[in-house]
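S.K.: With the hints as extra help, turn the sequences into a complete structure.
4 protein chains.
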Amino acid sequence: MMLDKIHEECGVFGIFSLSSKTVSKDIYYGLLALQHRGQESAGMSVSDTEGPQGNIITKKGMGLVSEVFSKEDLNRMTGNIGVGHVRYSTSGASVIENAQPFAMNYIKGSLALVHNGNITNADELKRVQMYRGQAHYSTSDSEVLAYEIVSKRVESGSIEEAVAKVGRVLKGGFACIVASPRKLVGIRDPLGIKPLAVGKRGEDHILASESAAIEAVGGKLIRDVEPGEIITITSDGIKSDKSLCGGKRAHCIFEYIYFARNDSKLDGIFVHDARFAAGMALAKTMVPEADIVAGVPDSGLVAAMGYAKASGIPFELIFHKNSYIGRSFIKPTDEERKTAVHMKLSILKSIVKDKRIVLIDDSIVRGNTMRQIIIMLKEAGAKTVHVRISSPPFLYPCYYGTDVPSTNQLIASENGADQIREKIGADSLKYLDIEDFDKMTGGLPLCTACFDNDYPV
Amino acid sequence: MMLDKIHEECGVFGIFSLSSKTVSKDIYYGLLALQHRGQESAGMSVSDTEGPQGNIITKKGMGLVSEVFSKEDLNRMTGNIGVGHVRYSTSGASVIENAQPFAMNYIKGSLALVHNGNITNADELKRVQMYRGQAHYSTSDSEVLAYEIVSKRVESGSIEEAVAKVGRVLKGGFACIVASPRKLVGIRDPLGIKPLAVGKRGEDHILASESAAIEAVGGKLIRDVEPGEIITITSDGIKSDKSLCGGKRAHCIFEYIYFARNDSKLDGIFVHDARFAAGMALAKTMVPEADIVAGVPDSGLVAAMGYAKASGIPFELIFHKNSYIGRSFIKPTDEERKTAVHMKLSILKSIVKDKRIVLIDDSIVRGNTMRQIIIMLKEAGAKTVHVRISSPPFLYPCYYGTDVPSTNQLIASENGADQIREKIGADSLKYLDIEDFDKMTGGLPLCTACFDNDYPV
Amino acid sequence: MMLDKIHEECGVFGIFSLSSKTVSKDIYYGLLALQHRGQESAGMSVSDTEGPQGNIITKKGMGLVSEVFSKEDLNRMTGNIGVGHVRYSTSGASVIENAQPFAMNYIKGSLALVHNGNITNADELKRVQMYRGQAHYSTSDSEVLAYEIVSKRVESGSIEEAVAKVGRVLKGGFACIVASPRKLVGIRDPLGIKPLAVGKRGEDHILASESAAIEAVGGKLIRDVEPGEIITITSDGIKSDKSLCGGKRAHCIFEYIYFARNDSKLDGIFVHDARFAAGMALAKTMVPEADIVAGVPDSGLVAAMGYAKASGIPFELIFHKNSYIGRSFIKPTDEERKTAVHMKLSILKSIVKDKRIVLIDDSIVRGNTMRQIIIMLKEAGAKTVHVRISSPPFLYPCYYGTDVPSTNQLIASENGADQIREKIGADSLKYLDIEDFDKMTGGLPLCTACFDNDYPV
Amino acid sequence: MMLDKIHEECGVFGIFSLSSKTVSKDIYYGLLALQHRGQESAGMSVSDTEGPQGNIITKKGMGLVSEVFSKEDLNRMTGNIGVGHVRYSTSGASVIENAQPFAMNYIKGSLALVHNGNITNADELKRVQMYRGQAHYSTSDSEVLAYEIVSKRVESGSIEEAVAKVGRVLKGGFACIVASPRKLVGIRDPLGIKPLAVGKRGEDHILASESAAIEAVGGKLIRDVEPGEIITITSDGIKSDKSLCGGKRAHCIFEYIYFARNDSKLDGIFVHDARFAAGMALAKTMVPEADIVAGVPDSGLVAAMGYAKASGIPFELIFHKNSYIGRSFIKPTDEERKTAVHMKLSILKSIVKDKRIVLIDDSIVRGNTMRQIIIMLKEAGAKTVHVRISSPPFLYPCYYGTDVPSTNQLIASENGADQIREKIGADSLKYLDIEDFDKMTGGLPLCTACFDNDYPV
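Protein chains in written order, with the numbering used here: chain A, 7 to 463; chain B, 7 to 463; chain C, 7 to 463; chain D, 7 to 463.
These are calculated hints, taken from the structure and not from any lab test.
Fair warning: there could be bad hints in the mix.
[To be verified] Below, computed lysine to aspartate or glutamate pairings styled on EDC-like, alpha-carbon distance capped at 16 Å:
hint	chain 1	residue 1	chain 2	residue 2
1	D	LYS337	C	GLU78
2	D	LYS27	D	GLU209
3	A	LYS114	D	ASP129
4	A	LYS337	B	GLU73
5	C	LYS337	D	ASP304
6	D	LYS327	C	ASP460
7	C	LYS359	C	GLU385
8	D	LYS315	C	ASP297
9	D	LYS77	B	GLU78
10	D	LYS226	C	GLU385
11	B	LYS337	A	GLU73
12	C	LYS27	C	ASP54
13	B	LYS327	A	ASP304
14	D	LYS389	D	GLU295
15	B	LYS27	B	ASP79
16	D	LYS337	C	ASP79
17	A	LYS337	B	GLU209
18	B	LYS27	B	GLU209
19	C	LYS177	C	GLU161
20	C	LYS254	C	GLU232
21	A	LYS327	B	ASP304
22	B	LYS315	A	ASP297
23	B	LYS114	B	GLU167
24	B	LYS226	A	GLU385
25	A	LYS436	A	GLU295
26	C	LYS226	D	GLU385
Computed from a predicted structure; not experimentally measured.
M.R.: The structure is reproduced here in structure tokens:
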């Protein structure tokens with residue numbers, strides 16, 4: 007999409023069913039529910055625990071879930087256990103070789119792995135793997151993770167034991183699901199940076215990046231996988247290994263700010279509520295004289311409602327969003343950039359005219375889009391546009407799996423708040439204070455490194 | 007889409023540029039802005055007024071605008087005059103033969119025609135045409151219209167004169183744009199049932215079903231084409247023939263209820279404002295004890311805000327809408343129908359729990375979707391769900407180009423309001439009164455036949 | 007294909023079955039058997055004589071038969087009567103609008119028409135049609151033919167009567183098949199320029215451009231449609247109208263030289279035998295000292311065998327032809343032109359080395375390919391290459407439906423035989439004498455206008 | 007294709023250019039020239055020796071060369087070194103995971119490998135690899151080969167040294183080309199079962215399965231790679247390591263019987279000449295009373311010419327072969343099987359009628375196709391059909407990379423010659439004697455295991 011956002015890199019989904027051989031359909035719907043987490047490639051692997059050992063079927067491709075999988079694929083891929091993945095990637099590595107799952111045959115059978123996050127010591131691990139002769143087909147750290155499990159599996163009694171050994175050496179943020187022919191194993195990084203939830207549907211178990219995906223297939227959220235926990239699901243039910251749990255926690259604040267769906271519940275906090283609280287917190291000081299509060303769709307809407315409630319200024323919908331502008335849309339050339347924003351968002355003029363507006367968005371990355379929006383609002387007759395951002399200025403890179411533009415493209419890295427205000431043409435600009443995160447997530451331990459340079463590892 | 011709606015059949019767009027040979031791009035963006043009016047086929051015809059006479063290039067195909075046209079198509083289709091079309095159709099006639107524009111060579115040159123609406127005396131005209139030997143390739147009444155113009159053109163001094171003669175014999179609702187190699191001619195039915203607006207971008211002129219499409223290409227709305235007016239655009243500028251104007255008017259109320267974009271202005275009324283007013287009108291009586299007002303996205307949101315304002319009950323966003331569930335999505339089977347609604351819409355549980363809700367939607371057609379939504383809300387803990395519909399019960403067929411399910415599928419045709427309430431599981435149900443339409447559109451003369459059986463012709 | 011040939015423009019196929027509702031499959035196989043006659047578009051129309059009147063289903067597209075039709079298309083297009091078409095076109099008009107069949111609804115029902123040939127008075131007829139208001143969607147004279155039938159049908163008691171009336175006014179060469187919902191009607195031009203044969207399979211009747219297509223679907227050739235004859239096939243059997251028969255005949259000699267399949271029998275003459283006889287005739291004089299006779303595959307092979315027999319010089323296969331070089335092959339750029347011929351044809355060096363070769367081809371159009379072939383043969387060690395062409399020099403345009411390069415591209419139009427010999431690098435060059443055509447076709451009356459400027463009309 | 011043949015599994019091509027950065031085009035044309043060796047998948051990898059180390063670009067896909075690669079692919083894949091592959095596979099493993107090249111990053115850089123043949127000790131090697139942690143993405147023994155090179159490379163000074171070490175442990179038949187970022191290395195199995203040739207084009211070097219592919223890109227055959235030889239091509243030229251050479255040789259006889267192109271020269275023997283000699287050998291005894299000799303196109307034609315020469319019975323072309331019946335052709339159902347053969351091959355009736363025919367083909371696998379052909383010939387009036395097969399009865403499986411139907415499908419495995427004659431409906435049947443292979447290949451040491459159960463390893 008053309009709108010100016012930080013990108014999550016992945017969504018993962020896994021299911022173990024006792025009764026259904028059509029988990030491919032569940033994975034399809036689960037991935038659709040996670041599509042916002044990655045739109046560049048999609049894939050799934052399915053296996054039948056009662057079929058011949060090691061018979062994992064995989065389909066992956068570039069594009070959206072609805073583009074990659076055909077009805078024939080879903081019908082053909084029978085099985086009761088499987089994993090799926092959606093991926094966003096930086097342009098350079100947007101190649102089919104990096105699409106997930108990674109499905110491999112190894113000495114003890116076969117496995118299919120999906121992974122969200124970033125292994126910060128992947129290069130180090132990869133070097134050792136390469137000396138072992140483990141050549142890499144991709145440039146993905148998920149392949150490093152897969153090989154690490156394969157190597158540990160040789161000396162382990164079970165796949166979950168191998169995963170546990172790997173968990174001990176990994177650094178970074180990761181939520182990973184492995185389907186072996188008879189088991190589904192999930193692991194979440196000990197800091198809890200990346201989200202992973204476990205759900206139930208009758209006797210079936212589900213692992214997914216967000217609770218919304220569990221519910222999309224008719225399941226119910228049981229709980230989050232604990233930071234460091236290894237969940238193993240077999241036909242005998244669910245098993246937990248908490249030997250890596252108990253350390254420091256640092257949940258990614260950006261899940262609450264932007265990545266996750268409004269209807270998901272992550273580590274006990276409803277995402278909607280966190281965003282609403284951020285909006286309220288923004289209204290604690292410096293509330294301008296204004297007639298209406300509005301949010302940039304869709305991510306700024308909830309915070310705008312919170313702001314409206316706290317400030318007493320009425321909330322209004324002032325944008326029409328064209329939902330037909332998707333990935334395959336032929337983008338206007340650079341000179342036509344204004345058209346690009348205009349195609350996606352347009353103004354409800356009758357509301358905006360002669361109004362003083364408080365405009366809420368969740369973040370400003372490069373600033374171009376916000377500048378265009380303000381121009382459009384002013385052209386439509388807005389008297390003033392006061393911008394409020396429901397997160398602090400984005401300043402530092404993320405090492406845990408979030409795609410951030412290089413520093414010189416971040417408007418906040420080279421401009422103070424007032425310069426930014428001027429560049430985007432706002433009448434005033436205010437960011438959320440870092441301290442206000444506690445209001446959003448009720449004191450949950452957070453990773454806020456992208457705002458304060460305080461990396462948890 | 008799976009949601010239970012009445013469908014518009016078409017959107018039309020035409021442009022005459024004095025300076026640009028790349029109107030194919032403008033038509034592309036214009037059609038994207040009108041995509042909500044029709045998603046089954048798309049097409050455009052382009053001509054160069056300085057090129058060889060009669061050299062109209064046409065591309066049409068089944069699917070969305072972004073699926074039908076490639077970058078190569080847009081680059082290849084050079085010209086400064088052209089028309090475009092998006093079409094929705096009932097399943098039976100969803101064939102490429104019916105896709106528009108209809109581009110023909112005839113005795114005086116060539117033309118490309120796009121049309122939104124329904125010619126009620128098409129069969130009669132077609133019979134005469136067929137006796138003349140004018141065979142039909144399609145089952146579309148737009149082809150009838152094209153042939154009628156061709157026949158009248160033989161005995162007329164200009165294309166606009168032929169269009170005027172045709173306008174005199176046509177019955178029904180229509181908004182039609184014809185590109186001849188040197189002119190762009192638009193005509194709107196004398197009742198003004200179908201919308202058509204005219205805009206300007208520098209020295210270029212634009213005709214489109216909605217003002218939003220004019221703005222999408224950087225133009226400004228000048229005014230609506232008057233009911234019965236014929237607009238002719240040449241390199242000398244714009245010309246108007248009002249000889250058919252002046253009779254009774256009957257603008258389609260469903261454009262304001264559901265079809266048009268919130269940011270369009272039709273016949274002087276902002277669509278958003280009409281919907282907001284409908285919501286306010288709904289709150290004039292029988293306002294239940296409730297904690298929140300919510301709208302079914304996206305079409306019920308504005309009316310919900312109006313209802314909230316009038317009733318004093320706070321507005322809330324209670325749904326997450328998955329924008330990746332499009333046309334090509336593999337639909338769940340019938341047994342999985344609940345999943346289908348659930349995939350598209352999910353509930354923000356933390357808001358809904360223990361709440362008494364007033365839920366606004368613009369219409370109920372079959373009732374299935376509303377029933378599923380209420381089930382989902384109750385499962386999420388809603389105490390009561392009071393449904394308010396910002397239009398009256400839909401009871402009668404439309405003969406002017408709107409696709410309506412057969413009467414026995416319309417929940418209102420065989421059930422009284424209380425039976426409907428029971429079927430959908432609502433705690434109370436109220437529709438907008440027909441008299442309240444005046445509050446929406448400020449006394450504009452309307453066609454409300456689908457509600458009151460009072461057909462304007 | 008890159009090889010330097012004159013192109014036929016079309017192949018037609020029609021079938022009326024009493025027992026099968028799956029004639030779409032027969033048409034598919036029939037068109038595959040006629041694919042050599044046209045590779046740019048393909049199409050078919052199918053109707054069920056027991057289904058609702060006028061319910062003709064059509065599918066057409068650009069490309070080969072195997073690219074245009076899917077299994078789903080064939081399964082979906084049920085019916086017991088239908089027509090099909092393959093088309094070659096000059097680049098300018100290679101557009102979907104010109105693809106056949108032309109399927110129309112008209113005053114007396116519906117029809118689908120396929121046509122091979124060229125109506126020389128089409129412009130004249132079209133002008134009258136256009137005054138009548140019959141606009142044209144295509145630039146094809148087949149649409150002229152369709153409209154002419156439609157217009158005559160209004161004043162006729164049956165479709166075959168209308169076809170007969172049209173037959174009286176048409177000039178040029180044509181083989182045309184019309185499927186109406188209950189009948190299959192074929193007409194062949196009175197001169198018999200274009201071929202059309204009728205066959206039988208049990209109680210089913212078939213019309214096709216060549217007998218090979220009848221046999222491809224398990225039928226047997228009954229006889230050729232007589233020049234000027236109108237064949238009508240209904241559920242009551244076959245009916246013949248010979249009122250247009252009996253005049254001068256002029257069968258296209260190029261069918262025997264190159265267009266038709268070796269295994270077809272046209273107007274009583276096996277194509278293979280005609281080509282063999284041409285080869286024998288070439289050997290009557292000026293037989294050079296040579297070690298082997300060879301033909302350029304595939305069209306020169308049979309004549310080469312005839313030459314070998316008549317001359318006593320042994321026949322050899324000296325080329326390998328790569329059958330994977332098709333339409334979709336990415337052609338080398340101009341500088342790589344030699345590669346292009348080389349990719350398609352390569353030399354069996356062990357045979358060619360040190361040999362004196364008589365090389366037979368059916369025609370030389372531009373001369374480039376023959377020049378490349380001779381270079382390749384010389385590089386492979388051939389001592390001499392004597393070229394013999396089994397047709398006279400191609401000098402004049404064809405007005406009856408064959409695509410001929412413009413005169414200035416025809417090597418024979420500006421060069422005498424000796425200059426051509428020099429340009430292509432042959433050691434000697436001889437063409438077939440026009441008088442020898444009689445040896446090919448046993449005195450059949452022929453159209454030889456492209457060689458002698460003697461046009462039959 | 008429907009014709010009843012044994013299938014080769016692969017063709018390989020590699021090129022190192024000093025001057026051109028567009029080897030992707032050469033690989034494309036080289037693979038087109040090798041397309042007969044495999045039609046199920048195609049792929050290429052390209053690297054630029056002057057580009058960043060390890061930057062190999064790969065594209066592979068299911069289907070024909072012309073279907074897998076677009077013009078954009080070829081333009082995008084710049085480089086001066088690369089390898090390509092075409093693959094045939096048994097249905098079970100016809101999956102994208104098994105498509106080649108295998109392109110990997112490993113400890114010393116990166117490599118892309120293509121391979122034709124079968125490693126008979128692959129399972130053994132794979133087991134060791136798996137204990138090392140080298141997981142497999144495919145079920146292909148080519149991946150085993152790639153990993154083996156990777157592992158040996160760790161302890162070797164160069165890629166060619168690693169290949170040499172691997173060559174020492176491999177068993178079976180193989181022709182393999184490896185592109186590393188700076189070198190092209192080819193290895194041929196010490197028995198010489200699989201063919202591999204080296205060619206030159208100016209200063210560029212080429213390795214390919216057949217000389218025809220070298221010539222297709224404008225190169226000239228230098229010589230065959232010797233059995234066991236390792237060829238290394240760098241910017242300094244060509245280097246040979248013959249340390250594995252010198253043992254027993256066993257060239258695959260089926261290359262001469264059927265696999266290779268007529269215009270290729272393999273291990274010093276022109277394929278055409280071998281086939282011609284086989285035809286001659288067949289005529290040494292039991293020549294029936296006959297009027298004509300004919301071959302089943304295309305593979306039986308050359309042997310038929312040899313038979314004609316030796317027997318004095320005249321050679322005739324009696325079949326028309328439809329070259330438009332390719333992979334994507336919708337096959338008739340089983341009941342329509344006769345149509346299937348008929349679509350591909352039809353009879354020139356005027357030649358066949360009343361003739362006594364000697365019919366030559368290169369092999370009979372299942373016998374169905376030959377039976378259909380004889381039925382068609384008899385229906386066309388052939389008096390007798392004497393079948394001569396230019397190879398012995400096919401009886402035993404191949405372990406070196408040729409796809410053979412299971413034994414119970416081989417007509418010769420359960421039937422004596424006379425029973426086969428009866429089943430196919432021939433008037434007489436004779437196979438080539440194994441001793442006659444010497445006449446074909448001039449005493450070249452051969453692998454004839456599929457005929458005599460005498461496996462070279």
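S.K.: Any of the earlier hints contradicted here, and which numbers?
M.R.: As far as the earlier hints go, 5, 6, 17 and 19 are violated by this structure, in ascending order.
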